[in-house]
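Put together the whole structure using the sequences plus the hints.
Residue numbers (the numbering used here), protein chains in the order written: chain A, 32 to 504; chain B, 32 to 504.
The hints are simulated quantities; they were obtained by calculation from the structure and are not laboratory data.
Any given hint might turn out to be false.
No distinction is drawn between identical chains; accordingly, a pair holds when it is met within one copy or between any pair of copies.
Stated by the list, open to error - Calculated cross-link-like contacts (lysine to aspartate or glutamate; reagent style EDC-like; alpha-carbon spacing at most 20 Å):
hint : residue 1 : residue 2
1    : K458      : E134
2    : K456      : E137
3    : K456      : E134
4    : K456      : E87
5    : K456      : E91
6    : K458      : E87
7    : K458      : E490
8    : K456      : D409
9    : K458      : E473
10   : K456      : E131
11   : K456      : E469
12   : K458      : D168
13   : K458      : E501
Below are the chains, spelled out letter by letter.
There are 2 protein chains.
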Amino acid sequence: MPRYDILSEDAMAVLERGWRRLLSDIGVEFLHEGALDLFRAAGQRVEDSIVRFDPEWVLECVASAPSEFDLLARNPERTVHLGGRHMVFSPTQGPPFVREGEERREATMADFENLCRLSQTYDQLDTPGGLCCEPGDRPLDSRHLDMLLAVQTLTDKPYMGAVITEGAARDTMRMTDILFGGPNDGAVRVFGVVNANSPMRYDTRMIEAMMVYAAAGQAVIITPFLLMGAMSPASVPGSLVQQTAEALAGLALTQVVRRGAPVVLGSFLSHTDMQSGSPGFGGPESAMGLLCSGQMARRLGVPWRAGGGFLTSSQTADAQAAYEGLNTMLPAFLAGANFIEHSAGWLESGLVACYEKFIVDIEMLRMLQEEFTPLQIDEASLAYGAHQEVGHGGHFLGAAHTLERFRTCFYRPLLSSTENFERWKSKGGRDATERAGEIWREALAAYEPPPLEAGLRAELEEYAAGRRAELGD
Amino acid sequence: MPRYDILSEDAMAVLERGWRRLLSDIGVEFLHEGALDLFRAAGQRVEDSIVRFDPEWVLECVASAPSEFDLLARNPERTVHLGGRHMVFSPTQGPPFVREGEERREATMADFENLCRLSQTYDQLDTPGGLCCEPGDRPLDSRHLDMLLAVQTLTDKPYMGAVITEGAARDTMRMTDILFGGPNDGAVRVFGVVNANSPMRYDTRMIEAMMVYAAAGQAVIITPFLLMGAMSPASVPGSLVQQTAEALAGLALTQVVRRGAPVVLGSFLSHTDMQSGSPGFGGPESAMGLLCSGQMARRLGVPWRAGGGFLTSSQTADAQAAYEGLNTMLPAFLAGANFIEHSAGWLESGLVACYEKFIVDIEMLRMLQEEFTPLQIDEASLAYGAHQEVGHGGHFLGAAHTLERFRTCFYRPLLSSTENFERWKSKGGRDATERAGEIWREALAAYEPPPLEAGLRAELEEYAAGRRAELGD
Numbered sequence: 032m033p034r035y036d037i038l039s040e041d042a043m044a045v046l047e048r049g050w051r052r053l054l055s056d057i058g059v060e061f062l063h064e065g066a067l068d069l070f071r072a073a074g075q076r077v078e079d080s081i082v083r084f085d086p087e088w089v090l091e092c093v094a095s096a097p098s099e100f101d102l103l104a105r106n107p108e109r110t111v112h113l114g115g116r117h118m119v120f121s122p123t124q125g126p127p128f129v130r131e132g133e134e135r136r137e138a139t140m141a142d143f144e145n146l147c148r149l150s151q152t153y154d155q156l157d158t159p160g161g162l163c164c165e166p167g168d169r170p171l172d173s174r175h176l177d178m179l180l181a182v183q184t185l186t187d188k189p190y191m192g193a194v195i196t197e198g199a200a201r202d203t204m205r206m207t208d209i210l211f212g213g214p215n216d217g218a219v220r221v222f223g224v225v226n227a228n229s230p231m232r233y234d235t236r237m238i239e240a241m242m243v244y245a246a247a248g249q250a251v252i253i254t255p256f257l258l259m260g261a262m263s264p265a266s267v268p269g270s271l272v273q274q275t276a277e278a279l280a281g282l283a284l285t286q287v288v289r290r291g292a293p294v295v296l297g298s299f300l301s302h303t304d305m306q307s308g309s310p311g312f313g314g315p316e317s318a319m320g321l322l323c324s325g326q327m328a329r330r331l332g333v334p335w336r337a338g339g340g341f342l343t344s345s346q347t348a349d350a351q352a353a354y355e356g357l358n359t360m361l362p363a364f365l366a367g368a369n370f371i372e373h374s375a376g377w378l379e380s381g382l383v384a385c386y387e388k389f390i391v392d393i394e395m396l397r398m399l400q401e402e403f404t405p406l407q408i409d410e411a412s413l414a415y416g417a418h419q420e421v422g423h424g425g426h427f428l429g430a431a432h433t434l435e436r437f438r439t440c441f442y443r444p445l446l447s448s449t450e451n452f453e454r455w456k457s458k459g460g461r462d463a464t465e466r467a468g469e470i471w472r473e474a475l476a477a478y479e480p481p482p483l484e485a486g487l488r489a490e491l492e493e494y495a496a497g498r499r500a501e502l503g504d
Numbered sequence: 032m033p034r035y036d037i038l039s040e041d042a043m044a045v046l047e048r049g050w051r052r053l054l055s056d057i058g059v060e061f062l063h064e065g066a067l068d069l070f071r072a073a074g075q076r077v078e079d080s081i082v083r084f085d086p087e088w089v090l091e092c093v094a095s096a097p098s099e100f101d102l103l104a105r106n107p108e109r110t111v112h113l114g115g116r117h118m119v120f121s122p123t124q125g126p127p128f129v130r131e132g133e134e135r136r137e138a139t140m141a142d143f144e145n146l147c148r149l150s151q152t153y154d155q156l157d158t159p160g161g162l163c164c165e166p167g168d169r170p171l172d173s174r175h176l177d178m179l180l181a182v183q184t185l186t187d188k189p190y191m192g193a194v195i196t197e198g199a200a201r202d203t204m205r206m207t208d209i210l211f212g213g214p215n216d217g218a219v220r221v222f223g224v225v226n227a228n229s230p231m232r233y234d235t236r237m238i239e240a241m242m243v244y245a246a247a248g249q250a251v252i253i254t255p256f257l258l259m260g261a262m263s264p265a266s267v268p269g270s271l272v273q274q275t276a277e278a279l280a281g282l283a284l285t286q287v288v289r290r291g292a293p294v295v296l297g298s299f300l301s302h303t304d305m306q307s308g309s310p311g312f313g314g315p316e317s318a319m320g321l322l323c324s325g326q327m328a329r330r331l332g333v334p335w336r337a338g339g340g341f342l343t344s345s346q347t348a349d350a351q352a353a354y355e356g357l358n359t360m361l362p363a364f365l366a367g368a369n370f371i372e373h374s375a376g377w378l379e380s381g382l383v384a385c386y387e388k389f390i391v392d393i394e395m396l397r398m399l400q401e402e403f404t405p406l407q408i409d410e411a412s413l414a415y416g417a418h419q420e421v422g423h424g425g426h427f428l429g430a431a432h433t434l435e436r437f438r439t440c441f442y443r444p445l446l447s448s449t450e451n452f453e454r455w456k457s458k459g460g461r462d463a464t465e466r467a468g469e470i471w472r473e474a475l476a477a478y479e480p481p482p483l484e485a486g487l488r489a490e491l492e493e494y495a496a497g498r499r500a501e502l503g504d
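Printed below as a string of structure tokens:
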């Protein structure tokens with residue numbers, strides 16, 4: 032499907048002048064001496080902790096990053112490609128709470144594992160990510176080990192590693208080497224998602240993680256998380272140029288650490304509800320922002336992460352959750368995003384991973400994946416023979432053309448109901464959210480772990496146990 | 032905003048060959064002697080009741096229809112323009128049932144009037160249409176008079192007239208003349224929506240109504256209602272060519288009745304759920320169909336009605352209703368529809384007008400109308416001064432740029448909530464559908480009828496009373 036480009040060349044030029052000026056005149060703060068040294072050595076202007084960039088040099092860094100690359104899975108059939116016309120989806124990442132029906136509670140490791148299992152179950156998701164909820168019942172210092180073990184063993188898809196500390200990033204590299212049977216030989220086998228500390232700053236921990244990933248040639252997805260009016264100006268164009276400047280500064284860091292390190296430019300642009308002071312998701316501004324971000328990222332020629340996904344501020348998996356979610360995800364498809372986090376389960380501005388919303392989102396994702404598959408339009412597709420058979424005022428239900436393809440000709444829903452009222456009522460009159468509750472429970476009951484060699488599992492567990500002991504947990 | 036075109040020139044050529052062949056070889060049945068005489072007189076091949084068209088002649092008819100026109104309202108500020116880059120929205124039309132909270136019941140005249148009042152209240156709707164529900168408590172033969180009176184007096188927006196019988200169409204013309212103070216002088220003051228009796232047939236009543244509207248120079252919106260697999264082939268391209276052939280045949284009829292009569296080409300393309308046999312709405316096929324239909328209609332150069340609107344098969348105003356609805360309406364925006372029926376209230380595949388869904392839809396419509404307003408991108412929009420003020424790692428909440436525009440800088444929702452969980456819970460923990468119930472009740476309580484001269488109202492009522500007596504009701 033074609034991209035939906037909405038920016039004129041004039042507008043693109045205004046935006047480009049904007050991010051160039053931010054990079055060169057305002058500059059970006061890096062709270063890390065090693066990073067500052069690297070930028071200084073590369074000839075950039077460094078004063079205190081602020082780096083003022085030569086935009087042309089930044090574009091050279093962009094050019095040295097791969098325009099697309101494979102992200103390996105331990106099951107080769109699950110390997111995905113990042114960049115070009117490919118799209119990769121992960122469930123929601125980071126929520127400290129879960130919602131299950133009417134119950135909202137702190138997330139636990141059991142929830143984390145369940146969400147991994149659901150991520151493995153649905154082919155619409157390419158990766159479980161690595162933080163599908165915060166397992167609050169595990170020690171803070173070592174929970175990254177539990178989470179890594181879960182994504183490595185409960186799924187056979189590519190996964191996201193830890194970025195919370197330099198040590199956690201190093202653990203990610205070690206456990207990934209174990210899973211893949213040895214040090215990497217240039218292959219990309221794990222990715223990390225780092226946020227700028229917007230506006231115009233990267234903090235020490237994020238920089239440390241970026242440096243570990245980049246040095247190992249593993250993918251870094253660099254995402255300024257901008258709530259317009261709070262972390263960026265109350266203006267879509269103003270926020271777009273900030274987002275670009277921040278992401279490019281992060282990209283430049285990966286390239287001074289290691290030329291050619293794989294990187295994804297991220298965007299995550301939403302607004303602050305100026306009445307409540309809360310973040311707002313799924314509104315017109317973020318949809319616009321997505322369309323513009325995609326067009327700008329394509330011009331730069333690196334893979335692009337959309338801060339899309341099915342985002343919403345809603346507190347339950349209701350109509351608002353659905354329309355705000357789709358109003359974020361559909362623009363991400365139109366804009367040609369390469370990587371989309373938060374594609375299943377996101378609720379309450381990201382504070383909650385909701386089981387029912389997970390299923391609602393999977394249904395929407397299935398629909399969109401079919402919707403964005405180009406139609407085949409040729410003589411056979413016109414079904415002229417069916418018209419000759421049916422004629423005027425008849426019906427096509429019994430036509431040969433229909434009978435030959437009735438099983439596969441239309442999208443078959445997972446969750447949506449077309450039942451007439453009487454039948455729907457007689458089956459309990461349950462809305463989509465209630466039906467979703469049945470679907471995820473059945474999916475978990477039917478889950479089977481992907482095969483994993485026992486020795487490998489033992490080795491991973493041994494590593495994790497050793498590190499837990501070192502960390503005192 | 033630009034249109035989102037997805038069909039290549041090759042695909043367009045295949046589709047054009049397809050509809051031309053249907054018009055010339057299969058032909059369209061018209062169950063009306065007068066219509067057949069007109070086509071015969073215009074040189075088309077007529078055998079029994081089938082008209083086989085010369086496609087070139089049909090394109091001459093297309094060229095004689097206006098490419099855009101004004102549709103007048105009794106309040107000149109409410110006059111709308113049909114065609115070009117304009118979009119006109121009506122609430123859902125035709126449902127025999129209403130839903131109010133958990134109650135589903137037969138629609139009454141009181142519901143009809145309420146839906147007119149809500150249509151008047153929300154500026155997002157340009158017209159109440161003329162059949163926002165079927166008032167089952169009024170006699171079948173004369174209820175069109177009640178409905179006309181309601182749209183004429185409870186709103187001051189353009190309205191849709193009756194097409195149910197030739198007599199009802201004539202009553203529409205007479206009551207419109209009364210409302211506007213005399214016979215029309217070439218202005219378009221009312222529109223009718225007619226459906227083909229697909230496949231490839233127009234029935235007598237529809238033809239009679241089309242002829243009355245066209246003869247009076249009033250707008251006819253011609254809409255093949257196609258559920259793929261039932262009224263058209265189980266194929267999107269096959270259905271697109273049928274839709275075009277049927278709509279163009281109807282357009283040709285209006286032009287042989289009166290050259291230059293205003294007409295809108297309609298599309299309404301959805302699928303049959305082959306498991307339940309029920310119609311399905313909001314799926315990938317109809318979204319695709321909308322994008323293609325818009326592109327094809329633009330090529331023809333007449334105003335286009337999208338069978339968009341917020342369509343859904345859902346039984347309640349739940350997540351399914353929202354995502355299916357938005358997945359129909361967003362493509363209609365992308366495809367540049369000029370007229371969109373069913374933009375508020377549609378539920379249960381069109382059987383139900385739901386008060387809560389009405390409000391959910393108004394919220395989505397408000398979002399989309401803002402979303403499809405192009406961004407202004409210039410130096411001022413970059414808010415560079417705010418960056419100079421805030422610097423690195425600060426926040427923009429208190430920046431002068433933000434304070435100057437915080438009231439208007441972002442979309443302000445009608446229904447959506449960004450409240451944090453504790454606050455939302457303390458206020459009752461109501462989902463979007465429950466909150467919508469409060470909003471429509473408040474809107475009805477605050478409704479004030481638009482001014483209407485007493486003499487005019489008396490004249491309309493007198494006409495309706497006289498006709499009711501003639502019809503024996």
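As a check of your reading, is K458 near E490 (CA-CA no more than 20 Å) within one copy, between copies, both or neither? For K458 and E490, the Cα distance exceeds 20 Å both inside one copy (49 Å) and across copies (52 Å).
Check K456 against E134 for me: Cα-Cα at most 20 Å, and say if that holds within a copy, between copies, both or neither. between (25 Å within a copy, 12 Å between copies)
At 20 Å max between alpha carbons, let me know whether K458 reaches E134 within a copy, between copies, both or neither. between (24 Å within a copy, 17 Å between copies)
Cα distance capped at 20 Å. Does K456 pair with E131 within a copy, between copies, both, or neither? For K456 and E131, the Cα distance is within 20 Å only across copies (16 Å; inside one copy 24 Å).
Is the C-alpha distance from K458 to E473 at most 20 Å within one copy, between copies, in both cases, or in neither? within (18 Å within a copy, 34 Å between copies)
What label fits K458 with D168 when the C-alpha limit is 20 Å: within, between, both, or neither? neither (38 Å within a copy, 30 Å between copies)
Is it within, between, both, or neither for K456 and E87, if the alpha carbons may be no more than 20 Å apart? neither (64 Å within a copy, 52 Å between copies)
Tell me, please, which holds for K456 and E91 at an alpha-carbon limit of 20 Å: within, between, both or neither? Neither: 63 Å inside a copy, 52 Å across copies.
Is it within, between, both or neither when you check K458 against E87 at 20 Å Cα-Cα? neither (64 Å within a copy, 54 Å between copies)
Using 20 Å as the alpha carbon limit, work out where K456 and D409 are close: within a copy, between copies, both or neither. neither (42 Å within a copy, 55 Å between copies)
Could you place K456 and E137 in one of the four classes (within, between, both, neither) given a Cα distance threshold of 20 Å? between (34 Å within a copy, 16 Å between copies)
Within a copy, between copies, both or neither: which one fits K456 and E469 at a CA-CA cutoff of 20 Å? within (17 Å within a copy, 25 Å between copies)
Hints 4, 5, 6, 7, 8, 12 and 13, counting from the list given before, are not met by this structure.
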